[in-house]
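Trainee: Following the hints, position chains B and C against chain A.
Residue numbers (this note's numbering), protein chains in the order written: chain A, 168 to 650; chain B, 6 to 258; chain C, 32 to 477.
Take every hint as true, because none was put in to throw you off.
EDC-like mimics (lysine to aspartate or glutamate), calculated; alpha carbons at most 20 Å apart, straight line:
#1 B:K190 to B:D201
#2 A:K515 to C:E90
#3 A:K241 to C:E90
Calculated Cβ distances over 10 Å to all of chain A for the following chain C residues:
#4 L58
#5 R81
#6 L141
#7 S204
#8 G430
#9 A442
Here are some chain C residues pointing at chain A (derived, C-beta under 10 Å):
#10 K367
#11 V370
#12 G412
Think of the hints as simulated: they come from the structure by calculation, not from any bench.
C-beta: ideal position from N, C-alpha, C; glycine also.
Residues per chain, in single letters:
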Amino acid sequence: MTGNAPNQGLEDFMGRGYAHGFVTDIEADTVAPGLSEDVIRFISAKKGEPEFLLAWRLKAYRHWLTLREPRWAKLHHPPIDYQAISYYSAPRTAPGLKSIDEVDPKLLQTYEKLGIPLHERARLAGVAVDAVFDSVSVTTTFKDKLAAVGVIFCSFSEAVREHPELVRKYLGTVVPYRDNYFAALNSAVFTDGSFVYIPKGVRCPMELSTYFRINQAKTGQFERTLIVAEDGSHVSYLEGCTAPQRDENQLHAAVVELVALNDATIKYSTVQNWYPGDEEGRGGIYNFVTKRGDCRGANSRISWTQVEAGSAITWKYPSCILRGENSVGEFYSVAVTNNLQQADTGTKMIHIGRNTRSTIVSKGISAGRAQNAYRGLVKILPTAENARNYTQCDSLLMGARCGAHTFPYMEVRNPTAVVEHEATTSRIGDDQLFYCRQRGISTEDAVNLIVNGFCKQVFRQLPMEFAVEAQNLLNVSLEGAVG
Amino acid sequence: MSTLLEVSGLRVAVGGKEILTGLDLVVRAGEVHAIMGPNGSGKSTLAHVLSGRDGYVVTGGSVSYQGLDLLAMAPEERARAGLFLGFQYPVEIPGVSNVYLLRSALNARRSARGESEIDAAGFLRLVKAKARLMQMDESFLQRGVNEGFSGGEKKRNEIFQMAVLEPVLAILDETDSGLDIDALKIVSNGVNSLRDPARAFILVTHYQRLLDYIRPDFVHVLAGGRIIRTGDHTLALELEADGYEQILAAAST
Amino acid sequence: MAPSTMREDTRDQTGNRRPWQVAAEQLSHTASGLDWLTERRTAALVRADRLGLPDQSQEEWRYTSLTPFARRWLDHLAGARLPAVPEPVPPTLAGVFSVDIVDGMLCAPLLATPPGLTIQSLQNLGAEWRTRVEALLGSAVSPTDTSASDSLIDLNTALLTDLILVTTEPGASVAIPIHMRLQATAASALCQTRLLVDLAAGSRLTLSLEFTGTAGVLVNAVSQMCLGRDSELNLVRVQALPDDGMLLESTSIEANDSAAVTVTSVDLGGQLSRQSLTVRLAGTGASATVHGLFLADGQRHIDNRTRLQHEAPSTTSREFFRGIAADHGHGVFSGKIIVQPGAAGSNAALTNRNLLLTTTAEIDTKPELEIYVDDVRCSHGATTGQLDANALFYLQSRGLDLSTARQVLTAAFLRDSLTGIPLPELRERLEARLESRLQAQTGAAR
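The following block holds chain A by itself, in its conformation from the complex:
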């Protein structure tokens, strides 16, 4: 029996390819490539930042100079020339707009095309959007409605201007600038991002979402997101990203910090669809991201859900520090790699408090010549009485030239803790494919169906609109993968 025979129907299948690869032709202020203290001062001045922030940026930069790029991940890429990147690019008309009507229509069209209408009339029902275009936030919708309940949702730059005390109190407390190479770089040069503050006892009345778009060539995107959930509050936040199709690699090094105080819940969902490069591995985004949540309060909960479909390289480990008693950390991930994409992604669950619980569900799908690695750390400190972790990690291989790898680390120092890890690696069963075909379903539809079923546990965690988007994204990403 030839294993691949049932899949041959897909061979002629034409890929729809990357749908968001267009470039918006818009005038932009772009700083010349290169990184120095002057560039950092320029960024800080451009944003009219207070002195403390510039000082922090410079400390981060000086520290970054002493570091070397991490090499432990199962990733291969040519050296990144940090002097060839432009660290600031903004559409000329963007900043300081009073209303959506002042936004350049070209930008509005861009987001329209991406399926993220920003205009009042067509806004996504029940979702507030902060749109970040290259280095700056273009607009944030539904701000007034949110302000009515005390929720602050704005661009990071605006938060620095309007709420410097909050920024100062929380910035860098979850991911210090010394944390790692890319976090240090981000701390030095971050340009914008989103800021969310949910006051005590408030359940955020709508989904909050940021849509990141890289447009300008030869620029990096370094956004920074900070979400603070006060006692007893609740927020669900979504993040989406795309970039034009280009032959060069572009760097995206973001930092996300989440702080959950007593009884607070933060749900953070990502659908990552940066340009992945072409079939030969030309171009694509290098995605080096540090995301971490601090369950600082008792009974707090932080839940990460990610669908990672894009980027030439993905290096990210959304993590939870479970400090508060009874706090809960969750990580649900689907990572899809096709062609020459590489992903090294996973999570860290650091159990410090008593009765802390964590759940990790990771689904990796590898096709073409891609390499897909799960890397996760579960650490139980001696103080974490009765801590519990359950990890499930499944990999699906499609084709004989791809790789799927699982690197879990379990470090346990409390005898009352229970840590469980399970992992499997296999391909789509011939018997499953045949079963579907016998019911009249074509091979490619059967593959989509089975792969979506494989990811169901994760998709179920996403808000409805995102779940559908994620499912479609998965199908598009894997087109031409079987055969």
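Mentor: Below, chains B and C alone, put in the same frame as chain A:
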């Protein structure tokens, strides 16, 4: 009655070994055929090769289905043309709900016939009605295909799927194995309720007991890769009483 | 402690010359007349010199630091001298063929070996064996396993005082288990044991290795085994060093077409024990089963690193590793399954279960999968925790007190790993030792 399926001199090898050695079978619309035989006689091979499973090499003969060359068709084309296989060992597909699979299957068939997709409300009415017929709890509809089902539940699910897809020719491969008496009755009722002058069934089975509930028009005894005897339902009773040995011995003389 | 500190230490010892250079000079005459070996030793010394001792910046040594031992080890190296050929020790197990290796040297004279089996040492190595020995000596590291190419194997090569070659005849089924007692004595506390095993096609052998020693011994052991087509090896390895002993062990096993290897590994002694076991399933249909057990009580640090490498089609591996950490013990298990391109139809499964008995103990586990082909079925599962509460309750409901119930379950946990040991007397002895040690633990635990 029109001929649905005509198998002539079919020879099939698996892994270089010939399993079917020249099998002839004619099935007309409205008929129920039972194919019986000892283990290893080629019963399941016949079911698989008719449905187009990989790994079976046809070395001779032909199969015509509704005037089409069945062996030239892909498994999904056969399914869309109304051929249904009830699996002996239904596979689990985690995360894919029963209704989702069925809806995809139904729509694939409809679009192959140039029909529009079934509307959500109509589909739901249909599956709920069929679930009641099979005495299946509605929660089964939302569960993953056969995921964590017991052996009996899987078999019932096969008949439920058949009821929804309304095939022209249904081949049920050892559907009775692993069923207790209650489940056997439910499965049989499901099959009987689908009997129709335009539809035919091939029941592949080792035991006679299924035929107590579904009375076949023809019983064929398969041995050594071909049909060695054909009779009416009394042949099954004869087999039950005397075992295969005697008939095999009689056939070889 | 920063890893770089240790490297500094090694340089400080004798100015610019590292202590192993001194040791190698002192031991150079052991290979006099064996030019091929001398060349190999010189090359190994150069490599070891370049690499230095492994440190925690290397992923493979993430959880184990040699720093606390480095000074002691280097002192021993600097004072290395050739041990005298030891006297044979009387056999202690019935129904086995005992072979004594003291400080890496084969005891003479060796009684008549069982039919089909030959055991040779450097001193009496037949000239016709030279090519084979050279091939085996170079087989420690598979081409793709750069992570295992640490300096320990090279140091062993550079400083070995003897090597033991075990060979079987084609088709021979060696009737009696071979029990090798590898003893280290304080008199020559730096002990470089080197064992080569070569199973001819279709042969079968049961071999058990028991590491023992006197107080303060340091052992660096390297074993290289090659299984010919259709051969079978049942290997038992027991580490029972004194509480202040250290064992660094590198074992590589190559299994050719349809060969089958079973390994049972038990660690119950030592202050530091680090085993690196690589099994290469190099031939179609080859299979490996690995059972492991460690008890990291007291101040023990026990690190087991296994690597099951599927290189050929239709290869199978099964691994079951269990560990207990108590007191201030530290247990480490890293188990990697690799399925290389071309190893289609491979099937691999690993199960790792650990019990942590005290707050001062630690268990770090790292089960890993590296899969480069889609036609596979691989899985691993690992748990660290306590005894099953339901099982404890069940036993209590049958009238056992909590402490007895704990003992019963813990003993069962251990015994599962030992059932595969084909030397009944050894198995019983190990069970008794482990259980008495655990009684102290479970009695004391909350």
